[in-house]
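A.B. asks: Sequence:
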Amino acid sequence: MNSNTPMILAPAGNTTSFLAAIAAGADAIYCGLKIFSARMEADNFSIEELSRLASLAKARQIKVYIAFNSIIKESEQDKVFKILTKLCEFVQFDALIVQDLAMIPLAKKAGFKKEFHVSTLGNCTFPLGLDTAKKAGFSHVVLPREFTIDEIKEMSRKVPENMALEVFIHGALCYSVSGRCYWSSWFGGKSALRGRCVQPCRRIYEQKNQKKRHFSCMDFSADVLVKVLKEIPQVTTWKIEGRKKSPHYVYYTVKAYKLLRDDPTKKKEALSYLDYAMGREFSHYNLLSQRIQNPLEHTSETGSGLFLGRVKNPAEPYFIAREELFSGDLLRIGYEENEFHDIQKVTRAIPKKGKFFLSKRAKFKVKSGTPVFIIDRRGPELESLIKELESELEMIEKIQVRPILDTPSSKKRGAKVFASKKRPVELRVSRGRHTSSKDRSGTSHEDTGIWISANAYGNKPSGKTWLWLDPLLFPGEENICRNYLDQAVKKGARNFVLNGFWQIGLFKDPQRLNLWAGPFCNITNSMTIKLMKTHGFSGAIVSPELDRETFLALPGASDLPLGVVTHANWPLAVSRIISPDLTPGQMFQSPKGEGAWISKSNNTYYVFPNWPLDLTDQKEELERAGYTLFVSLQENIPKGVKMKSRPGLWNWNLKLL
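Per our numbering, numbering of the sequence shown is gapless, rising by one per residue and ending at 697.
A couple of the hints might just be wrong.
Claimed, not checked - Below, simulated SDA-like cross-link-like pairs (lysine to any residue); rule was C-alpha separation at most 20 Å, straight line: (1) K267 with I189; (2) K193 with M47; (3) K307 with V264; (4) K632 with Y375; (5) K122 with F152; (6) K632 with H381.
Stated by the list, open to error - Restraint ranges, calculated between C-beta atoms of paired labels, are given here: (7) F227 with E309: 41 to 49 Å; (8) P624 with I520: 44 to 52 Å; (9) F227 with S424: 39 to 47 Å; (10) D190 with K695: 41 to 49 Å.
Just so you know, the hints here were simulated from the structure itself, not pulled from any lab data. Where a beta carbon is used, it is the ideal one built from N, C-alpha and C, also for glycine.
Using the sequences plus the hints, can you model the full thing?
C.D. replies: So, in structure tokens, the structure goes:
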């Protein structure tokens, strides 16, 4: 392959999909373990399975990347270290894809000497962030799916030497920007940052008597636009999303993009492969700056798989097939939240527009109008290739992974724990100028904070004000933001809260300032905090997503003073898009009566629940544990939005899953 030709990186969530990627001729394959992966709902792999599959891939010069891109709790560092030690010993792989900085020292201690890639969950979204990523030890950065081609080009112009960029070219879209979604965790303790997302954004929500899947996106497909990406040499990898998708999907998407990359004259054949891959309806999303396609503006069904039709006659349920069906096809009836949700296998071929009758167990249970999707197909071509590869895989010797016993612990031994003699500070943060240092209860705060962004760079804060950087900063905003920060520092500003690790690169002399890592940095362990210190941070506000055990464990192991969010309008999601059917500032509700509203700040949309995060009753316990900064984040609540009086403990009494 020519050195300027981008690699095609295929997803694999199980053995058959891994073999399908090999059969299609992928240049690299990414996959995850059964734990600590951002796609925990996929089958994923044991180390024994990965060892043999990686050997099979290596024999064909196919690279293997391991997605170890979950955030890591304080109590999990030893477990992660042991897993990494086994991976390094038994699996021939080329890179680790990570979002948590703690993975770098843990992997190095385990003997890993190859590449670290910043996961899209790491949210490295502006050019100067690339320099910070390089200093931290990363050789690749996976760019957000939300980028335009112009933004990708802007990033590519600033790529440091010996660093490369990776872009998504096909697959599912999340409503929220990666690394900025807390919806699944807030509604039930299953964190998207730990691969447990239950996709609440795919559900039906109601606003003004209009019930729709307002947050459920169409899929993304660059398709023929990859010819523009091919002209950007710093983009060395085209990534296909889909570790939960079928082998059929993997096989045909890889074949399609190989054709679009290598032989553009076969565009029609390539696009037919994409149609055959059985995904949702496609959108180019933001890729073309001059022709943005909102993936929420759809009339199609956005369930996973290819939409086939709707159920008729619940007494003898059937649907009219939009596509030809083959024996062995797998169908999904309805959505997961539906009372009757089922998977059914096709036992005989059905022609296009033919009737397909559901199983007898669906009688009078499935509702008329329920959508049906095809989610997997084993065509004869793919079936034959997979069988050949399975035979070859059987010839590779199975390994026996031994337990790792009495290894050097990944936890710090004799580390200097930060101890503060200062009394705790309370910090109230809001949008716009401050007129008072008192909160709604009348409590006086020593310090105040304001959010700064493109629509607040005109503010002239006092030297004591804490300036909070937005959790999203895109390429076009970088220079404006940096100029503002330079001016603020010249005028005496010293206190800043950064809501992305990469934002440290915006400051010329971090050591002279009081720079804190903010709650959107998603900090969950002391090793990440230690790395923050080495890069110039003065303190860290831990993730509000944590459970009680982790909250209380962190101060005793931290190298920096720690802060905690005790009261907040905390967002369910942060996004670049909004449904054309939703009105910002007005309430909408889930089927379970959970309320929320959308606010716009700068060019970003925040989805807020109508009950706050509230750990104020836990403040004394948190203070005894060692926290020194207590933060209240206040949003302007729109007229007509009624806040509920309900516990806002989030995961305090749960396990962070």
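A.B. asks: Hint by hint, work out which the structure violates, then give me just those numbers in ascending order.
C.D. replies: Structure breaks hint 8 only.
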